[in-house]
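Spelled out from the first residue to the last, the chains are:
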Amino acid sequence: MTAATASTKATTSAPDPADSSTATTVEFRALSKSFGATVALDGLDLTARPGELLALLGPSGCGKTTALRMLAGFERPDSGQVLVDGQDISGVPAHRRDAGMVFQSYSLFPHLTAADNVAFGLKMRRTGAAERRKRAHELLELVGLPQHADRFPHQLSGGQQQRVALARALALRPKVLLLDEPLSALDAKVRVTLREEIRRLQQELRITTVFVTHDQEEALSTADRVAVMRDGRLEQVAAPAELYDTPATAFVAEFVGTMNRLPGVMADGDVEVLGQRLPVRGAAPAQGPVDVLVRPEALEATADGEGRSRVLTAAFHGSVTRLTLSLPDGATVKADVPSHRAATLPAGATVTVTLPQRPVLVDGPTA
Amino acid sequence: MTLRTKAPAGMLAALPLVLFMLVAFGLPAVAMLTGAFSTSSDAPGGAQWTTANLTDSVQGAYLTGLVSSVKLSALSALLAAVLGLPLAQAVVTSRHRALREGVLAASGVLANFGGVPLAFAFIATLGNAGVLTEHLGLTGAGWSLYTFWGLVIVYLYFLLPLMVLAITPALEGLRKQWREAAQNNGATGFQYWRYVALPVLAPSLLGGYVLLFGSAFAAYATAAALGSGSVPLITVQIADALSGNVLVGQGNIALALSLDMVVVAGLVMAVYVPLQRRSARWLD
Ligand SMILES: Nc1ncnc2c1ncn2[C@@H]1O[C@H](COP(=O)(O)OP(=O)(O)O)[C@@H](O)[C@H]1O
Ligand SMILES: [Mg+2]
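If you read the sequences in order, they're chains A and B.
Just so you know, the working numbering puts 340 at position 340 of the first sequence, and the rest follows in order with no gaps.
Just so you know, the working numbering puts 1019 at position 19 of the second sequence, and the rest follows in order with no gaps.
Here chain A stands alone, though its shape is the one from the complex:
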């Protein structure tokens, strides 16, 4: 029996913690928090919509965990509020918040079996032993581990431990599911399968979920919307494709996916780059040198004996081949071309590089 069929059975016998009509809204409103001189959150405004998986993405130290811990009740904001379905929950102690949390690692109680870990919350609520056992079994089936019910945490792999932790977080049918880099301690392959499973479960249960990660690929592939944070503030929140295609700021553009910086010059509100003149999207200086931000797949490289750019290296990546190009002014950029065209662009070839006629993001020059 596969995990999927098992889980269908389990969820039909157990009412959903939240179906779409009753799913919960979470709102961070002007949240600020400092630890001594360190500002962890600096006026964070962000809303998780009912039933969505919202990823909090950002570099290490930008305040993701702190925001999540405020929702769980482990930290108090210096100012601002956390609202759940419109209610300010600042006064609710952690053990009475309706939020199931999965920690980064090693959070299972070491002296309890997988089943007892899952049933721990029910025991705290004085649920009867038979009912506890039944519910623990359902949840372990839901996460694909029914046969490991009697194992102790140290007898489980890292991935299995996180599945048990996920089952435990769901045991009390919380309104919100909180995930703090739950996959970061796992190896790459387990990470991918488990994130897909988290996503499947989350959609099945329609539970509002806040998923903290510093891995942009993880965020883009799993979330309904991704909130990019920087220095304790929200930089941009958008659906993955929108975030990737039209990042609002240079920070988002470079944090999500690969980004080239091409030297350009501002002229009358447009930018001149590679001999082309392109409109500018977002903030830009009125004049002077800037960096133009362009994704590798947006750069067009065509073989041209007269071309003034040169292919330095060509690396095969399956359907695309990534070229490293040196531009006429000496800058080095990356360009992705369909692999079937890469044969005409070997290392050493001279090429012409062009940009599509679309608005681009610019940033103050770094060099």
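Derived from the structure by calculation, the hints contain no laboratory data.
None of the values given here were measured: they were computed from a predicted structure.
The C-beta atom is built at its ideal place from N, Cα and C for all residues, glycine as well.
Among these hints, one or two may not hold up.
Stated by the list, open to error - Quick list of the computed label-pair ranges, beta carbon to beta carbon: (1) 106(A) to 1105(B): 26 to 34 Å; (2) 91(A) to 1095(B): 19 to 27 Å; (3) 125(A) to 1101(B): 35 to 43 Å; (4) 1067(B) to 125(A): 43 to 51 Å.
Given the structure of chain A, go ahead and fit chain B with the ligands onto it with the hints provided.
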């Protein structure tokens, strides 16, 4: 091939340890056993095999001494364990690093602050003419240092720091995530301690208790220096018998009493080991 050449080499490496064990533990053990089961060699006719020492050692005043030693050790170890745990927890969770390190360093010193200096410190403060006794009028309130409870208080002085030292590593091993996961699952602070922290600590607590018991049971100099004749203790009786300027053959009684102590220690281990194994079941 390699196995055959390696095995003797491994044994050879263990040889110094084996020799040390033989000399340090084996010889005294043999001497104690033979001595406990024989009459004094000074007696007319030389040493003879006998069980009289052993039967004498568990009768009358000696039995009283053995029982009160066990009682004193069990009780003071229990008190030290019960008081030491919250103290150690306070130390571990303290935000003031200097305080933490200070308490731990002081514990290291105090845990070894037994014997004559400790006894005199107590005599000077809480003895019949002690500073505190007179100041606070403790004698009128029924206080005497030279009683069972007086000794318990004195023993706590080195047992409590010993408990702090013994349990601190285990407390430091309690992960923050466990407390938070418990809270996240609806546990109150009390429930966290009842259902997570104490069960996780149980093996270390048991081990700590046995350490304290042994330390109290074997303590001699403190009680001897207090001259607490009113509380007979087996270690003091052994010393009295060994220094036996009085009666012939007392040395062999001392050895029989020592054997009694070994038996008590063995019994404690017989209870401790299965308990320990059960409490640490989740570790294998
Ligand atoms: N308990 C704490 N004490 C002191 N500093 C903290 C504490 N928690 C977080 N910080 C600091 O706050 C900042 C944000 O931390 P965190 O929210 O954990 O970031 P992230 O999860 O995005 O990596 C970091 O600089 C971190 O060092
Ligand atoms: Mg974090």
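A quick look at each hint next to the structure:
no., hint, verdict
1, 106(A) to 1105(B): 26 to 34 Å, "30 Å, holds"
2, 91(A) to 1095(B): 19 to 27 Å, "25 Å, holds"
3, 125(A) to 1101(B): 35 to 43 Å, "41 Å, holds"
4, 1067(B) to 125(A): 43 to 51 Å, "47 Å, holds"
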